[in-house]
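Based on these hints, arrange chain F on the given structure of chain A.
Sequences listed follow chains A and F, in order.
The opening position of the first sequence corresponds to residue 1 in the numbering used here, with each subsequent residue numbered one higher.
The opening position of the second sequence corresponds to residue 1 in the numbering used here, with each subsequent residue numbered one higher.
Don't read these hints as lab results, they were simulated from the structure.
There could be a bad hint or two in this list.
Some, not all, of what chain A presents toward chain F, calculated at C-beta under 7 Å [as the list claims (entries may be wrong)]: (1) G42; (2) Y48; (3) F55; (4) L90; (5) G103.
Where a beta carbon is used, it is the ideal one built from N, C-alpha and C, also for glycine.
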Amino acid sequence: DGGITQSPKYLFRKEGQNVTLSCEQNLNHDAMYWYRQDPGQGLRLIYYSQIVNDFQKGDIAEGYSVSREKKESFPLTVTSAQKNPTAFYLCASSRGPETQYFGPGTRLLVL
Amino acid sequence: KNQVEQSPQSLIILEGKNCTLQCNYTVSPFSNLRWYKQDTGRGPVSLTIMTFSENTKSNGRYTATLDADTKQSSLHITASQLSDSASYICVVSPPLGTYKYIFGTGTRLKVLA
Chain A
1 DGGITQSPKY LFRKEGQNVT LSCEQNLNHD AMYWYRQDPG QGLRLIYYSQ
51 IVNDFQKGDI AEGYSVSREK KESFPLTVTS AQKNPTAFYL CASSRGPETQ
101 YFGPGTRLLV L
Chain F
1 KNQVEQSPQS LIILEGKNCT LQCNYTVSPF SNLRWYKQDT GRGPVSLTIM
51 TFSENTKSNG RYTATLDADT KQSSLHITAS QLSDSASYIC VVSPPLGTYK
101 YIFGTGTRLK VLA
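Okay, chain A solo, but in the shape it has when bound (with noise of 0.2 Å):
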C-alpha cells in the first residue's frame, strides 16, 4: 500500500446521495488516478491528475467528479448520476508516467 491512504475501507449509499471516496498519499507524486474496478474486469481510469490543480477524464468519468486542489490530495466524488456505483475504487500515484503505487481501496455499496 506505500504511502497512499484510502478512506473509508467501505461507504454506503444511498439512492440520490452523493458520496466521496478519500485518497491522500505522502510520495510527493505528481500524478494520481482513481480507478473502479468490477469483478473479473480489469482496472478502468475513472480520471486522472497530472498536477496540482489539473485533472482529464478516462475511460468512465460519467457520474464522477474530482479535485486536485493540494498536491497530497485527490477525491473522489460518486454522484447521484452514477447509476451503477457499487464497485471497489482504487487510487494510485506515480511520480510520472511510469510506476504506480496502488492504496488499499474502497468498497461501495448501494443500500
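Frame of chain A; chain F shown alone:
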C-alpha cells in the same frame, strides 16, 4: 487498439508446485511492463518491472520474462505457497505522451494445501 490479455483466467495448483502465468499485449511502443499481485479486497502490489529492452526480472520466487518480438510476458512462480493465492495483473505502461496504463483482467491463482 492497445490491449493486454492474460491467461489462464484462473488456476488451481497444489502447494509447492510451480506455475506460469501468461500476458500478451498489443501496446507499442511502451516504456515498461509490470506484474502486480492483488490479494482479495486489497490494492495491487508491484512484483516486477521490466523495460522493453529487458528479458527477465526476478523477485524472490517470482520471475518475469519479456519477449518484445512476440509481445509476450510470463510470470513464473516457483515452489508456490498458500500466500500466493491472489490475482496477478499484467500492466503495460502508457504509450508515450499519455498517462493511461493498459491493464490486463488478471489471473486468479488458488494454491491448495
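Results for each hint:
1. G42: Holds, about 4 Å.
2. Y48: Check passed: Cβ of Y48/A comes within 5 Å of chain F, closer than 7 Å.
3. F55: 11 Å, violated
4. L90: 6 Å, holds
5. G103: 5 Å, holds
The structure is inconsistent with hint 3 alone, although it conforms to all the rest.
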